[in-house]
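Chemist: Sequence:
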Amino acid sequence: MPLTATKSIVIAAPATRVWEALTDPAQIKQYMWGAEAISDWKRGSSLTYRGEWEGKSYEDKGTILEIDPPRLLRTNYYSPLSGKADAPENYAEVTYALAPEAGGTKLTVTQTNVEDEAAKARSEGNWEMALGSIKTMIEG
Numbered sequence: 000m001p002l003t004a005t006k007s008i009v010i011a012a013p014a015t016r017v018w019e020a021l022t023d024p025a026q027i028k029q030y031m032w033g034a035e036a037i038s039d040w041k042r043g044s045s046l047t048y049r050g051e052w053e054g055k056s057y058e059d060k061g062t063i064l065e066i067d068p069p070r071l072l073r074t075n076y077y078s079p080l081s082g083k084a085d086a087p088e089n090y091a092e093v094t095y096a097l098a099p100e101a102g103g104t105k106l107t108v109t110q111t112n113v114e115d116e117a118a119k120a121r122s123e124g125n126w127e128m129a130l131g132s133i134k135t136m137i138e139g
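When we follow numbering that gives the first Met the number 0, the leftmost residue of the sequence shown carries the number 0, and every step to the right adds one.
Possibly wrong hints are sitting among the right ones.
Straight-line alpha carbon distances no greater than 27 Å define the calculated DSSO-like cross-link-like pairs of lysine-lysine that follow [to be verified]:
(1) 6 x 105
(2) 119 x 105
(3) 119 x 28
(4) 134 x 119
(5) 41 x 134
(6) 83 x 105
(7) 105 x 28
(8) 134 x 83
(9) 83 x 119
(10) 134 x 6
(11) 134 x 60
(12) 119 x 55
(13) 83 x 6
(14) 119 x 60
(15) 55 x 105
(16) 28 x 83
(17) 134 x 105
(18) 6 x 119
(19) 83 x 60
(20) 28 x 6
(21) 41 x 105
(22) 134 x 28
(23) 60 x 41
(24) 55 x 28
(25) 41 x 28
(26) 28 x 60
Derived DEER-like restraints, expressed as beta-carbon distance ranges [as the list claims (entries may be wrong)]:
(27) 68 x 45: 14 to 22 Å
(28) 102 x 19: 17 to 25 Å
(29) 53 x 2: 21 to 29 Å
(30) 115 x 135: 28 to 36 Å
(31) 84 x 136: 32 to 40 Å
(32) 89 x 135: 18 to 26 Å
(33) 64 x 7: 19 to 27 Å
(34) 13 x 84: 22 to 30 Å
(35) 81 x 127: 18 to 26 Å
(36) 135 x 87: 19 to 27 Å
Since the hints were derived computationally from the structure, they do not count as laboratory data.
Where a beta carbon is used, it is the ideal one built from N, C-alpha and C, also for glycine.
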């Protein structure tokens, strides 16, 4: 049965500033390991991430399922690096939820359809690094 990976962080900034970091390709590149993000950020639009991971070029893809600035961004996501077929059952759903928190904004990332405990630990480690980089980028 697939698992869910979740990570949160509080960022000392308004939700609008955190939202900008989630949807501006120049900023995404800074915390997503140099990936180029391509989208028009509208519901139903495609979302592509291009880059290099562990020496391999990749082009991950998905769709924006829901977008409610500056509160919620929900996408689905497929990576050929997974070694799995490009089929609906192999897509993860990634949700970025922003909520007011004392001193700033709480950003929570949830990734569904995680294969097993090892993959969950890997995903949560990656999200922890990405969220930490977002916080550092915004807070300085």
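Chemist: Which hint numbers does the structure go against, in order from smallest to largest?
Modeler: Structure breaks hints 6, 8, 15, 32, 34, 36.
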